Every structure is written in C-alpha cells, then in structure tokens.
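For the sequence shown, the residue numbers in this note's numbering are 1 to 335.
Calculated from the structure, these hints are not laboratory results.
Just so you know, these numbers come straight off a predicted model, no measurement behind them.
Ideal Cβ positions, reconstructed from N, Cα and C, are used throughout, including at glycine.
Misleading hints may appear alongside valid ones.
To be verified - Taking lysine-lysine pairs in the DSS-like style, the calculated list, with each CA pair at most 27 Å apart, reads: (1) K8 / K134; (2) K32 / K150; (3) K32 / K134; (4) K302 / K327; (5) K181 / K150; (6) K81 / K8; (7) K134 / K181; (8) K12 / K32; (9) K8 / K150; (10) K293 / K327; (11) K302 / K328; (12) K81 / K134; (13) K150 / K12; (14) K150 / K81; (15) K8 / K293; (16) K181 / K12; (17) K293 / K328.
To be verified - Here are the in silico distance ranges between beta carbons for each label pair: (18) E197 / E319: 34 to 42 Å; (19) P210 / E128: 33 to 41 Å; (20) E180 / A208: 14 to 22 Å; (21) W156 / G30: 34 to 42 Å; (22) N209 / E40: 25 to 33 Å; (23) V269 / S153: 30 to 38 Å; (24) E131 / E324: 46 to 54 Å.
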Amino acid sequence: MEYRILGKTGLKISRLGFGGIPIQRIDAAGTKALMQQLLEVGVNYIDTARGYTVSEEYLGEALEGMREHFVLATKSMARTKEEMARDIETSLHNLRTDHIDLYQVHNPNLQQLEQVTSAGGALEALMEAREAGKIDHIGLTAHSREVFEKALSLDWVETIMFPYNIVESQGEELIQVCAEKNIGFIDMKPLAGGAIEDAALALRYIAANPDVTVVIPGMAASEELTQNIAAMQDSAPLTDAENQRIERIRETLGTQFCRRCNYCAPCAVGIQIPNVFLMQGYLERYGLADWAKARYGAMPVKASACIQCGVCETRCPYELPIREMMKKAAAEFGE
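Could you put together the complete structure from these sequences and hints?
Set out below in structure tokens:
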C-alpha cells in the first residue's frame with residue numbers, strides 16, 4: 001500500500017481511502033467485516049459524514065478495538081457555532097471515539113462559507129473543539145470550483161475534498177495549487193457517482209496524478225475493496241488502449257453529465273440545479289433511492305418548478321440540455 005502525508009495535517013495515510021456513503025446499504029456486521037479487511041490490507045483512511053444517516057454509527061461500532069489503526073474523517077453541514085458544536089459531539093458519540101482526526105465543513109456555497117467564518121459561525125466551534133483535543137485537524141469539502149478556489153486562500157483549511165475523475169477535471173489546476181500550498185487533496189466521486197463503470201480504469205487515471213493525496217471510492221463489499229486495491233497498486237503508465245477507453249467514456253458521459261461547476265446559477269426560480277442532478281445520480285446509481293429522495297425532498301425548490309426559460313443553458317460550459325434534464329429529474333422524483 002502506498003502512503004502519503006495529508007498536507008499540513010502531517011497525517012500518514014494510505015493513498016486509497018474508504019468512502020463511507022454506501023455502507024448505509026448494508027449493516028453494522030457487514031461494516032465490521034470491511035473494517036477488518038481494511039486493517040489487513042493497510043487502508044487506514046476512512047471518510048464519513050453527519051449527513052450519511054447510519055454511516056457514523058456503523059463505523060463507530062465496527063472500529064471498536066481497532067480505532068487506533070485508522071485516520072478518521074467526518075464532516076458536518078452546520079454553518080453556525082451552536083450547530084457545529086452539537087454535530088461534533090454527535091460525531092464523537094456515534095464514532096465511539098474521544099477524538100476525530102479530521103473534521104470538515106461539508107459543501108458550503110460562497111455565502112455559507114462566509115457565514116461559517118463570521119462571528120458565531122461554525123469555524124469558532126471547530127477551533128474550540130481542536131483546542132479541547134476533540135478534533136485534530138480542519139478541512140473543507142466542495143462541489144463548486146469557486147468555493148474550492150476560495151478555500152485555497154483560507155489559512156485554517158488543511159485539506160480540501162473535491163470531485164475529480166475521468167469526466168470531471170474542472171478542478172485539476174486547483175489540485176496542483178493544493179500541492180504547492182501543502183494542502184491535502186482528498187478526491188471524492190472517483191467514479192463520478194457510479195456513472196463510470198470501469199472502476200479500475202477510473203482509479204488508475206486518478207492515481208496517475210501525483211497531486212492527489214488520497215482517493216475515497218465508496219465501498220460496501222469486500223470485492224469492491226479488493227478490486228480498488230489492485231487498481232491503485234498498478235503503477236504502470238496508462239496504455240494507449242486505456243487512454244482510448246477514457247476518451248470513449250468522456251464521449252459517452254460528457255455531453256449529458258453535470259460536472260457541478262455551478263456556472264448555470266442563479267436559477268430564475270431558485271432551483272439548485274447541480275444538487276438536483278447530484279441527487280439524481282444517487283437515485284440512479286448508488287442504490288440509495290430512499291436517501292436520495294429524502295435529500296431531494298428537503299430541497300426548497302424542486303425540478304418541477306423549472307419554467308423552461310433556458311437561461312441556465314446559455315451559461316453551461318458543457319452545453320447541457322438542462323431543461324430536458326430537469327423534466328427527467330422531476331419525473332423520476334415525482335415532483
């Protein structure tokens with residue numbers, strides 16, 4: 001197993017990490033078996049979140065007796081000090097630990113990031129928790145390139161998590177800046193939310209970028225872990241045949257695939273366009289239909305509210321047929 005230092009944190013972590021979203025599909029016993037396998041093969045980085053329903057709880061139970069062998073990261077969408085302090089305590093309880101190695105601000109937009117860093121914002125709770133030894137390091141996750149770029153200028157940000165894969169390269173130059181600034185880069189969505197079926201090729205593509213510190217594919221089965229380890233350990237350069245397959249994947253997904261760059265915003269009626277497509281991806285690909293529907297249901301404005309004005313399409317750098325995609329999402333979610 002290859003290990004890297006996670007930027008400013010100084011933590012030594014496996015370059016292949018464990019993404020904790022899909023374990024919502026299994027149970028505590030299945031999670032325990034996966035954690036045992038991680039320990040045996042040397043994968044020591046685990047990512048979860050307050051928003052992943054039972055994920056923290058399953059991991060907490062599964063890691064009893066082996067917690068010290070893992071670097072544990074979680075995240076919260078809390079934006080105020082009070083909410084973040086409460087979430088940190090909940091995470092500590094769920095994960096059955098006295099400290100969390102990395103606690104991240106989960107996917108803020110620019111306005112929310114300003115709230116996080118203002119007086120009474122979530123950052124105050126994170127700083128106090130770090131001083132108290134409840135968390136060791138602070139990071140941030142983003143889907144927006146603008147937030148990624150802003151995070152690079154914040155001295156408290158020790159790690160940044162962002163999507164990067166065969167069809168989502170909009171943050172590639174910013175990943176390089178992470179390396180230059182010694183900010184750990186955590187790669188989420190390596191399979192583009194499951195849209196890329198060739199997991200081995202997807203991981204080999206990512207591993208070829210030396211600026212990626214760790215990649216965290218979601219895993220719920222032993223076979224997935226075994227396959228992912230084999231892909232990450234294959235250090236041979238990408239072959240001509242593999243590069244041709246990569247281009248075919250881009251051709252297949254590139255014209256109908258939301259990269260969540262958010263250039264389409266603002267929507268005239270307030271639809272969070274990238275988030276609609278993100279939840280649609282979970283609905284179609286992750287096998288998390290109930291979870292996706294619940295998150296979609298919490299959105300203040302649904303896809304069905306689209307007035308078909310088409311302004312978003314004029315802003316999309318990928319020329320996506322957003323109006324038609326909105327109709328499809330509304331039909332699939334039923335609202």
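*Which earlier hints can't be squared with this structure?*
Hints 2, 15 and 18 not satisfied by this model.
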